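Student: Each chain is listed here by its residues.
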Amino acid sequence: MSRRFTPSVITANALLSGEVVWLCADGQWSPDPRAAALFTDADLAQDRLAWAQGQAQAVVGPYLAGAKSGPDGPEPVHFREAFRRRGPSNYPHGKQEALCRG
Amino acid sequence: MYRHNDFDQAFIRQRNAQFRAQVERRLSGALTEEEFRPLRLMNGLYLQLHAYMLRVAIPYGTLNSAQMRQLAMIAERWDKGYGHFTTRQNIQFNWPKLGDVPDILDALGEVGMHAIQTSGNCVRNVTADHFAGAAADEIADPRPVAELLRQWSTDHPEFQFLPRKFKIAITGSPNDRAVTRAHDIGLRMVESDGEPGFEVIVGGGLGRTPLLGMVVRAFLPRGDLLPYVEAILSTYNSFGRRDNKYKARIKITLHELGLDELRSRIEARFAEIRPEWRGADQSILADIERDFAPPTFRKAPVDAFETAYAADPVFRAWADTNLHPHRAGGHAIVTISTKAHGATPGDATADQMRVMADLAQRFGYDELRISHEQNVILPHVHKADLPAVHAALRSAGLATSNAGLISDIIACPGMDYCALATARSIPVAQEIAERFHALGLEHEIGAMKIKISGCINACGHHHVGHVGILGLDKAGVENYQITLGGDGTETAAIGERAGPGFAYDEIVPAIERLMRAYLSLRDGPGESFLQAYRRLGPAPFKAALYPEEKAHAA
Ligand code: HEM
Ligand code: SF4
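Keeping their order, the protein sequence lines are chains A and B.
Heads up: the first sequence at position 76 corresponds to 76 in the numbering used here, and the numbers run straight through without jumps.
Heads up: the second sequence at position 49 corresponds to 151 in the numbering used here, and the numbers run straight through without jumps.
Derived by calculation from the structure, the hints in this document are not laboratory data.
A quick note: this is a predicted structure, and the numbers were derived from the prediction, not measured.
Be aware that one or more of the hints could be misleading.
As the list claims (entries may be wrong) - Stretch-level coverage of chain B by chain A, calculated; a stretch enters the list once three of its residues show a Cβ under 8 Å from a Cβ in chain A:
#1 127 to 135
#2 148 to 157
#3 328 to 341
#4 515 to 522
The beta-carbon is built from N, C-alpha and C at its ideal position, and this holds for glycine as well.
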């Protein structure tokens, strides 16, 4: 019995900088979560994850993270992913730094 | 203070060169992440939520001004201008880039520091009482022994792949400030008929199965220490469980075998190996001890201190909370609080590190300590210099008078940084500190240890907090469980769970109810929260935490 598949994005950390990145539809990794591809099909998602796991020169630890579609692209469904796309709450570091700069 | 000798330096240079080559091979594709991961972890490099994190050891929490300045330089050059001091007397840099780490390690090596054995299933950074060598209540300075253990365990071929991580803490004082009973091995320096030795405690650990260590040997003569520790590690290496990561710590070995059986296996192993130890360790120890010879404490009048104490209420408040009795006349131990109300516990900016380094150099015999409570210590300051030290700390935002009070919170990085976290810890600490500061209740509440962990791994020592807070993920939202009555000292106790958890926006009000209940229940200001809890038991405190349930029951 398989559980119902939650729509997901594929996310990882960039090898060199450690920065959080997301897999786009064109196979590029983007530091911008809004550019992520949202997978609604379980088989396709698994397939792309397997491909991403072979991207060891670009990223570390790719995984599927539940997401939902929003006006500006995929949005996280769990707070852990919300923190990853924003940065820590004690300093304006991480993504929020770059996103503020536009 | 101990300085790295030629052997240490050559070893670190060689390790750093190896790691530089490993990073290059990882970047070139010659090493996979699976191959590289254990190698980077052996050098203290983790991958966290937003970035890599480098954990640098500060052995037994001791460092000098040059080392502190180098940490400041690293923070500024390769990180975001700050560092995070941890409960294991390490410093963590939260934003290094993989390609820069070999340079960072070289920079550390220049001042005799490294990140080796700050991760992995080996003997980790040996921690010690942060007041070691200074405290008035001390029998002996535990750091020479800690350094001996560091040298012996670093790169020890037999103990690089233990069943699990292994943590050793030492105290030279009967007042245990090193949380010895929460370590795999806790060593307490004791004397028997005038002979120096150790009480050896084994099998403490927090995490998902919090257990206090038990005394495996009430008195171990000083000269037997390394062979005995080797016997413990060797026994653990043979009998510790490797089938289940959650049952792999020596605390589980202890509970599965029972104290008597574990002891007899350790003693048998000890009897076997003791003859192989012919005393070289003791002559090394004698050399190390010379390096830890106390400074020549200056003799001078303390009038400047008395005058400032009488005249300046801000100085007086700081002196009352942040000074500790020193063993040398005219001196004091200074706790520099990294916990300004609303600040991140344990964080110091590069500028603050330099201020602390300057003060250590000018007024502190060039010594600094990192406490497991995430503060920085100036272990030796002449009292006449305290007004100047206080003024300099004040202008750097480091003179908060809160050592040992409710805002002096231990908090792990939690979900703001840690990949394993189930909830945040830092903002909870920040808000508790701000709330009680605003209420003006901090000094009235008095001695209070709140400790917060962002997951069951318990890096924030929540089980041994008078009030412990554990952040969990409950069906996709942050939820905080409270434990009461924990204690990390010589009267150690694991806190008891108070009841159901609280949502993020309910946790600070809950702590406020708890503190107000304590203030009304206590037997006068002389009775601390922990004493009141021990006298009254949990019921009245639970009633304050869960007022609705009480109403329902009524
Ligand atoms: C941020 C990355 C960290 C990771 C991945 C991590 C991982 C872990 C894990 C898995 C455990 C449980 C070990 C066990 O029970 O076998 C643990 C325990 C512990 N860690 Fe951490 N930790 C991190 C940060 C810290 C920090 C910042 C501190 C100091 C503030 C710390 C100090 C401790 C302590 C004191 C314990 C519990 C005591 C014990 O080992 O029994 N850790 N950590
Ligand atoms: S307690 Fe959990 S969240 Fe906190 S640092 Fe340890 S592993 Fe991370």
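Student: Determine for every hint whether it applies to the structure shown.
Tutor: Going down the list of hints, with the structure as the test:
1. With 5 residues bearing a CB less than 8 Å from a CB of chain A, the region 127 to 135 of chain B meets the requirement of three and the coverage assertion stands.
2. Counting residues of the region 148 to 157 of chain B whose CB lies closer than 8 Å to any CB of chain A gives 6, which reaches the minimum of 3, so the coverage claim holds.
3. Here the region 328 to 341 of chain B counts 0 residues with a CB under 8 Å from a CB of chain A, which misses the bar of 3, and the coverage is violated.
4. Here the region 515 to 522 of chain B counts 3 residues with a CB under 8 Å from a CB of chain A, which clears the bar of 3, and the coverage holds.
Of the numbered hints given earlier, the model fails hint 3 alone.
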